[in-house]
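S.K.: Sequence:
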Amino acid sequence: MSASSPSPTPGFLVWRLANKWRVAVDRAMAPLGLTHAQYSLVASLHGMQRAGGRPSQRQLADHTGLEALYVSKLARALESAGLIDRTRDPRDPRAVRLALTEQGEAVTRQAIEVVQELLQQLLEPLGGLDAARTRAFTAELTALLDAPLAPSVPNDESNRRTTP
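Heads up: the sequence shown begins at 0 in numbering that gives the first Met the number 0, then just goes up one per residue.
Since the hints were derived computationally from the structure, they do not count as laboratory data. For glycine and all other residues, C-beta sits at the position ideal for the given N, C-alpha and C. Any given hint could be a false lead.
Stated by the list, open to error - Distance ranges between label pairs, derived from CB positions: (1) T100 <-> V152: 38 to 46 Å; (2) D61 <-> S4: 32 to 40 Å; (3) A17 <-> A98: 23 to 31 Å; (4) S79 <-> V22: 18 to 26 Å; (5) G81 <-> T141: 28 to 36 Å; (6) E101 <-> A146: 38 to 46 Å; (7) L125 <-> T8: 14 to 22 Å; (8) E66 <-> S4: 32 to 40 Å; (9) P7 <-> A98: 37 to 45 Å.
Construct the complete structure from the given sequences, taking the supplied hints into account.
M.R.: Following this line, the structure appears as structure tokens:
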């Protein structure tokens with residue numbers, strides 16, 4: 000940004016940081032055969048399994064913030080790669096339960112290590128992963144993510160102005 004341009008908005012900065020992070024993770028995951036989205040899925044699944052769960056695709060979608068249809072597409076690709084197992088839930092035939100395979104566990108552990116190193120680099124200007132500024136930054140991001148947004152409805156009749 001040049002000195003003569005207006006200050007960037009918080010939304011623009013969040014967008015730029017998210018893109019910077021996505022590109023960095025995509026590049027770092029390429030040698031492991033994963034994309035950033037696939038990494039987000041297997042790393043989240045890894046954490047949920049460590050907590051004793053075998054989540055459904057819907058639960059994983061809710062956890063990651065990804066659309067359920069996209070999670071389904073990613074899960075099928077990861078299943079084809081031998082990294083996860085997808086099984087129908089016997090109590091709910093509409094639900095598909097996910098679990099990392101042995102190979103998936105190994106790849107995910109490697110991927111998590113790589114991303115942790117990348118995260119340390121990204122957060123170095125704040126003092127690194129364990130710094131007070133990083134904890135404060137994380138709290139601020141969490142507050143923003145937890146704040147509900149009302150969906151905008153541009154063609155909603157109640158928003159239209161009438162002319163006499």
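S.K.: For every hint, state whether the structure bears it out.
M.R.: Quick rundown of the hints versus the structure:
1. T100 <-> V152: 38 to 46 Å: holds, 43 Å
2. D61 <-> S4: 32 to 40 Å: The hinted range 32 to 40 Å holds for D61 and S4, with Cβ atoms some 39 Å apart.
3. A17 <-> A98: 23 to 31 Å: About 29 Å separates the Cβ atoms of A17 and A98, which means 23 to 31 Å holds.
4. S79 <-> V22: 18 to 26 Å: holds, 25 Å
5. G81 <-> T141: 28 to 36 Å: 34 Å Cβ-Cβ, so the 28 to 36 Å window holds.
6. E101 <-> A146: 38 to 46 Å: holds, 40 Å
7. L125 <-> T8: 14 to 22 Å: With a Cβ separation near 21 Å, L125 and T8 satisfy 14 to 22 Å, so the hint holds.
8. E66 <-> S4: 32 to 40 Å: Distance hint for E66, S4 holds at roughly 34 Å.
9. P7 <-> A98: 37 to 45 Å: holds, 42 Å
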